[in-house]
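Engineer: Just so you know, the sequences run in chain order A and B. Residue numbers for the first sequence follow my numbering, so the first one is 4 and each next one is one higher. Residue numbers for the second sequence follow my numbering, so the first one is 771 and each next one is one higher.
Hints may contain errors.
[As the list claims (entries may be wrong)] Dumping the calculated DSBU-like pairs for lysine-lysine here, alpha-carbon to alpha-carbon at most 35 Å: (1) A:K70 to B:K858; (2) B:K927 to A:K70; (3) B:K812 to A:K70.
None of these hints come from the bench; they were simulated from the model. Model, not experiment: these values are computed from the prediction.
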Amino acid sequence: MSEQGRAGEVHATTGTYLRVAAILVIVTFIEVGIFYVPAFQGVLVPLLLALSALKFTLVVMFYMHLKFDNRFFMFLFGGPLLLALVVVIGLLFLFFGAVRLRAGM
Amino acid sequence: MSQAHATSMGLDSRKMAFWAFIGSECLLFGSLISTYLIYKGKSLVGPYPHEILNIPFTSFSTFDLLMSSLAMVLALAAIQRGDMKQGKTWLFVTAFLGLVFLGGQVWEFSHFMHEGLGLTTNLFGSTFYVLTGTHGTHVTVGVIWLLTLWVQALRGKLGPGQALTVEITGLYWHFVDVVWIVIFTVVYLIQ
């Protein structure tokens with residue numbers, strides 16, 4: 004525990020990094036693939052957001068080492084990230100909610 | 771080296787400060803992405819996103835940036851185990867892939883300008899250039915940072931003792947990558 008976050012620490016093996024890279028590439032192919040398939044148009048947005056979140060999580064957890072590092076770093080990153088998400092969702096509700104009210108929807 | 775900068779929590783102060791900086795960057799990009807989404811579909815004149823965004827080309831740029839993240843972790847792992855030959859190679863590969871991404875962005879911006887989409891043409895142009903341009907500026911800073919480390923490594927001034935410096939550079943580079951993951955989905959795929 005005391006060694007966490009110090010230089011010289013090996014966080015994951017090269018094999019793990021390569022597997023994560025392979026998953027990232029495959030998920031990107033899937034994202035681009037479903038973009039072109041008309042059958043997915045109805046669920047395109049939630050599907051793409053979920054796949055994007057998966058890629059985001061993989062990079063943060065394995066390449067940025069948050070999975071292996073001190074939990075305080077997770078707090079330092081996760082707190083503002085959560086706040087940013089709340090701001091994005093709040094602003095979207097604020098603006099699109101106002102548009103719907105004006106339109107009488 | 772890291773112990774000289776340790777906080778009362780036993781964590782390196784530079785790494786802690788850098789995570790806090792990355793947290794603040796989440797808010798910066800959160801505000802830019804919000805602005806893009808709020809003005810999405812509100813342009814009164816073209817060109818519109820579906821008319822000019824090139825998905826195959828941007829998919830390649832995304833692949834390029836993902837591979838640069840892989841090269842970055844391989845560089846860090848090599849330097850941590852004292853394999854400076856591989857460390858130098860992977861650092862250069864990371865910077866090179868970053869340059870390829872930037873070249874793609876310059877080509878994309880030039881192409882869009884040629885198609886009539888300027889910064890003040892419409893709301894799409896303004897929000898698109900500000901968001902992707904800010905990201906591109908971050909990539910440029912990252913490439914300069916990586917090349918600086920690479921030159922230091924060539925001069926023999928970078929070794930396992932400076933692994934934390936490389937790790938912090940890597941944190942920045944991976945953050946630039948995750949921001950692009952979001953931009954690729956929100957701007958390019960969800961039209």
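Engineer: Determine for every hint whether it applies to the structure shown.
Structural biologist: Status of each hint after checking the structure:
no., hint, result
1, A:K70 to B:K858, "holds (26 Å)"
2, B:K927 to A:K70, "holds (30 Å)"
3, B:K812 to A:K70, "violated (41 Å)"
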